[in-house]
Amino acid sequence: MRLVRHVAPALVCGLLWAVALRAQESTGSVTGKVVDATTQQPLANVEVALAGTPHRELSRTDGSFALNGVPAGAYRLRASRIGYGSQIQEVTVTPGGTTTAQVILAPAAAILEPVVVTGYGTQRREAITGSVSTVSAAAANVGVVNNVDQMIQGRAAGVEVIRNNGEPGAGVQVTIRGGSSISNSNDPLYVIDGVPINNVPTEPPSYGIGGTPPLPRNPLNLLNPSDIASITVLKDASATAIYGSRAANGVILIETKKGAAAGGPTIEYDSYLATASPAQHLDLVSAAQYKQVIQGQFAIWRSDSTAGIPDSLRGGLKPYAFGPTSTNWEREVTRTAVTHNHDLSFSGGSEDTRYRASLNYMKDDGVALSSALERIQGRLTATHKAFDNRLRLGVNVTTSRLNNQYLTFENRAGFEGGVFQNAVIFDPTQPVTVTDATGTHYYEVTGSTSVRNPVALAQQVTDVGNTTRTIGNTTAELDLAPGLTGQVTVGVDHAGGGRQIYYPRANPVGAALGGGLARQYDVSNSTVTVQNLLTYRRQVGEVHSFDIVGGYEYSKYTKNLFMAEGKGYFTDAFSFNNLGAAVTRNDSSWSEESRLVSFLSRANYGFKDRFFVTGVLRYDGSTKFAEGHKWALFPGLSASWHVSQEEFMRGGPFSDLRLRLGWGRQGNPGIRPYESLRILEGGTGGTYGWGDVPQTGVTPTRDGNPNLKWEQTDQYNAAVDFGLVNNRLAGSIEYYIKNTSDLILEVPVPQPAPKDTRLENVGKVRNRGVELSLDALLVSRPGLTWRSGLVFAAERNKVLDLGLHTSIRSGIVSGQGQSDQWAERIMPGYALGTFWGPVFTRVSNETQPPVAPDTAPVWRPGQQLFQCTTPSRTCVNGETRAPSADDYRVIGNANPDFSLGFHNQVNWGNFSISFLIRAVVGQDVFNNTALVYSTKGNALQGKNFLAPAGIHEPAIYSSRWIENGSFVRLQNITVEYALDLPILTRSARSARLYVSADNLLLLTGYSGLDPEVSSSNQANTDDVGLVARGIDYLSYPRSRTITGGLRVAF
Amino acid sequence: MKRRFVTTSIGAAALGALLLVPLQGCTDLAEVPSSAITPSTFFNNAAEVVAGLAGVYAQLRSTTDNNDYYSLSEVTTDEMVVPTRGQDWYDNGTWLELHGQTWSPTSPGTASFQTTAWNTAMAGVARANLLLEALPRVHAVPDSAGIKAEARTLRAFYYYLLMDLFGGVPIATETDIKPRPRSTRAALFNFIESELLAARADLPFTRNAANAGRVTKGAVDAILANMYLNAGVFTKDTAGTGATQIKAAAYNSCAGVLVAGGLDACQAAVNRVDSILASGVYQLADTFAKNFRPDNNLSPENIFVVKFIDADGLGLNFVMRSLHYSQFTPEPWNGFATLAQTYNAFDSLDQRRKIFLVGLQKNLETGVDVCERPGCAKGAPRLNFTTSIANVTRATEAEGARMYKWPIDPKHVAQNNGNDFAYFRLAEMLLIKAEAEGEGATGNPPDAPLTLVRRVRARSVPQPDTLSVVNRAVILRERLFELTGEAKRRQDLIRHGQYTQPWQFKAAGADYRVLMAIPHTKIDANPMLTQNPGYP
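Chains as they are written, first to last, in our numbering: chain A, 1 to 1050; chain B, 1051 to 1586.
Do not take every clue at face value.
Said to hold, decoys possible - Dumping the calculated DSS-like pairs for lysine-lysine here, alpha-carbon to alpha-carbon at most 25 Å:
hint	chain 1	residue 1	chain 2	residue 2
1	A	Lys-764	B	Lys-1228
2	A	Lys-556	A	Lys-709
3	A	Lys-709	B	Lys-1461
4	A	Lys-798	A	Lys-764
5	B	Lys-1404	B	Lys-1461
6	B	Lys-1340	B	Lys-1461
Worth flagging that the hints you see were computed from the coordinates, not collected in a lab. None of the values given here were measured: they were computed from a predicted structure.
Isolated chain A (complex conformation):
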């Protein structure tokens, strides 16, 4: 019986094997050496392959290679290496003979891998028909880089990366070819080593004082940038369609470093130390100016008030309200911070078994008090080949522990706020600490108008979080027949994050929250992915090549939350460690699950290495959509023509010329589970007192939409890739149109309904854009090479249709007195991120007499005036001081005209210098900080304000606060020196020292802290995930960082 069990499957597979086992006779070898055309030095790690066969190898340190066991015949030998143009030559193998081939590779403009990871497989760069950008991980890992997103910034055309703020490891908004969704996520899909990851926050949210708390940090902080081998960005639909439902926002493929066999174990050590300080400061009024302004203000108030209110009612406008000192609160809450990073890795192995292990420790102290990011990460990867390289096994395991220390600041805030709001408004004449009979303690204004000492907030409030995340995947790949490979991948991703918060009694915020508030909050996210792939690659003669992938993928996502909170403590001694000691306790939990099932296929056909056609079909099913709408088909089709391969192009100016065309359709499943269902929940919203005893009840929380389906994006892409002067100048120009329809929007429903809004598929958005990337090898001589790269992107976004809705407001304005004020409006015919408000004309310097029957002047000197259209008692000569809804206009556009990234790498002897300059031009930024804190009206409540203040009345949102946000930033400059000490050359293979500076220079006319502000899908119940772009409000300051580092490889 045992035999039968073995034989039955063997029979099936044996048939397939028979084909492979046959051709083991009359073989020969190809050997040779690869050298650099400029330096004539041997080149290692060049992939040498015989086209259409599985024979491929990497050249050794001395440039030599040997391909053995090659069946006799004529072949095309292809040699390719990162940073060099690939080379093809004809070779003929004779039975038992050894053919010698000399390969000379010329450096190319762009440092690009010859083989590109394209999702469920790899492709030769030549065969790619879609739009794919690759980022050199080595070149991008400079300065203080905490995550992979920072590495992409400015290096891939059409990829916009904006960090939320300057917090260590801050979250980012990454949009590829513009955000196309209004309320869904606009984040790309991240795929690490072939396994899509669920890129959701791994730590529970913050608490937030009277406003919305800061946005979560970047979930990708778990990945050590030094472990990354390559980053590939799939941009157009024909490239991403293979990821179907999740690909509407593009895909970022991350491959990690693997072990290399070449000669014995390699040990690498990489370490840096960096210091950072805030790059910009807010221009706050100093203590002396504050006193002066307030005294002047006092006089104004007395003169223009008609009521003759006694001075005793003048609030903060009184001399006795001043404190005894002078404090710059912004400087008090910031600091010079130190970051250090240590990477240790060793790799090696035999021809069959290779491994790489790495360990990373990083601690990044933020430039504001009480904020830090610490990472301890280990990674192990191993590959094993068996049965003559027919079975390939791979294991990758990453475990990372992040310790986050958070500062209590505000993302958006109303009346109250966190550290930065208080740094702005806290009275500059008051000291940080005072000493009295009870000892030295923080100065606080008791019973105040929600003004708190920001230093005390930063120091007294404890807010820490930690995540342990393990991502593991294992792959088995088996050659079933020549060209046919089966692959099984199982991936597990588990992130457990906890957050501990304590607002002590000693702090007025903690006191107001009920005598101390402690909170323990845990969230865990798990993903299990199973992938089965069958790949068939076949070269038929010299003419036809096939590359076919078919597969099945299953992913299950689970999320669990648990929160417990205690309020009211008799001591601060417990911090968050003894919730049981609280007077009142509160807890909650939640659990949700979703599943995604996919069938996928891709076929790539190549004709004579000139024409390539790729077709993609993917059929995805997700639990998140309504019954009957769960499944959707995502096709893609693209083609390329390698024009420079044609006879008629020989000898022309183009060393390389390729045309590409593509179309594809993708989806966006970025919604929460259960959105299609009518949902009831418990909680206070359904609880009511019967006889003063709470009777718990149910609240309908979602209406459910029985027709909820995929948001769908159709994308068209046309591109020209070119190389000139023997590929010393290379680039590509792309044009795309992206039409998103069936937008998932949270829209009002006809009532009666349990909830006034639900998710529906309405509306259309179109993005169009041009992308250009250009790489040049400016200088290439022995001892000096200079490579330059430019990426350019211009994108236009337009809302075409909103269904029944004429407009949707978005972008809540933050600050005291700004409730119900919205900065942006989503309207058909306009871009997402259109500012909507009254048009500011001037500050009046005259008194406009009243219009009967009113008796008060229409306006007085010093008041802000706005355009108005309909003459009335308040609208005189086209101006008013109280704009109405009819006076609102489009007053700005948060989308840039274009963006540029310019990177350079100069290698000169032992020196290498690289720098990256980024520019974003033409976007408007709403300076919410200036709107709220420029007004001296704050002085009425004893609060500080920004220096160039000219108004003494309530802040009114208008075009006055919309500024041009164009900027040029020297993102990074790095100087590296290869140590050539005799003592090192004997033992160490290389040792390099470098100095790097981040954010050294910012050129902008913008008056706020930094014009680069997050374009967030604000996760807030008030404007559910709606796109709001270009709003700058009291952000954690970005830092200027100087880094010194050392890399050694033994």
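For this one, chain A is given, so just place chain B on it according to the hints.
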């Protein structure tokens, strides 16, 4: 070689199995939430039905929020104003828009207040419908008829709020979400009336202590009495001078409007009040203040209340709206004030004027003197509320008298106080009877309007009462004194044809403002809705 072949085979078989296994089991995409419930899996037993009913009641709390029915009924009148204080309370001009009655279907005030009030009441209707739809299939629920009557009464009350603010709205008794046309206001009036009359039969006269707060026959009668008194307004869809229009500048009498049973509305109002009086369940509290204190659940006067409990999210927060930052913990918001003309309208000897805080102030919890600026710096004078507000767009922190009708609850949890809010209490019923009798109805017993009004005044004004004549104007004034802050003023001013008159910080308004604008987002969502006449 054999061994290798065998292991390879095992590998291949395993691979094949892995390829096939998931295909069979894992294409099931049914979604079953684990931390939430769906109506189809809920409402299985008595406890779950009661939980559903609590959810219908809970929506009552929201109607008193500072951006809901309550504020629309108060801030749009001469009872309340929310001046802009320094940087604070500008809020996109919404508060001044409300007070100045300058809203439009697209204005920020409408987008906030009218939208919220609409949503709250509509959600209340929908919650009731969810329960009513499920109720017939649930077995073994004790007093199923009573629960059904409660849900219908509450649904009728939510519709009553909508009728009051907006006029006719879509009437739905099923749970499906679809566009429905507006009914006429008269049809909505009739629907509410018939629902209440039907529910009344299955409701008790009284509730025991454990069920206090649940609706009774008295609650139904009170809503009906109020509706009947306002029938001259509530049955008409437009403002104007015609017989079937709401008169913006003249009294809208209930006389001549026929209601259920062919009765004159004024007579129907009096009948309902007499039914309440005859039930013997309610008496006037011996002091005015007892109706509003944290222990006002003991007041024998309150007929239909919104129950508040001193617990997180379940309490009343009126004190937060009007008190100064330094008068309470957590810090109140220092917003809502009363107009000087309204404060001054009160007789200084009237006990009811004590609901306003003016002059030098203390912390209301600790009794400590407080200053406007924190810490009472040396030389700083005490917080001193003025009666007048000089400039409504640039008020100081201390300007304006503050309403403090619902005093703080010593057991408050943060901003949650346990005072109940009465939508209807006996004092109003007596005033309704007086007013309806003045319009020609006859009471049983036939107490004269003067007797009824004096009965209400007896506990609050010095005796003997000098009030000798009762007419419409006197009743409107008396309702102001008695019911300030109880969400009655808008209704009263409209009935008396005074809602669009000018008052402090407000110019005379157009007639059509006696009905609120339907927010444009609501018309976007349901194209079958039509805007109220007069609005763009």
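Hint by hint, here is what the structure shows:
1. As the CA atoms of Lys-764/A and Lys-1228/B are separated by approximately 23 Å, the hinted pair is consistent with the 25 Å bound.
2. Proposed proximity of Lys-556/A and Lys-709/A is supported: the alpha carbons are some 19 Å apart, at most 25 Å.
3. For a cut-off of 25 Å, the pair hint linking Lys-709/A to Lys-1461/B is broken: about 49 Å separates their Cα positions.
4. Taking the CA atoms of Lys-798/A and Lys-764/A, the gap is about 9 Å. The hint holds against a cut of 25 Å.
5. A hinted pair counts as satisfied when its Cα atoms are at most 25 Å apart, and Lys-1404/B with Lys-1461/B qualifies at roughly 23 Å.
6. In summary, the hint linking Lys-1340/B to Lys-1461/B is supported, as the alpha carbons are separated by about 17 Å, within the 25 Å threshold.
Violation of the numbered hints given earlier is confined to hint 3; every other hint is satisfied by the structure.
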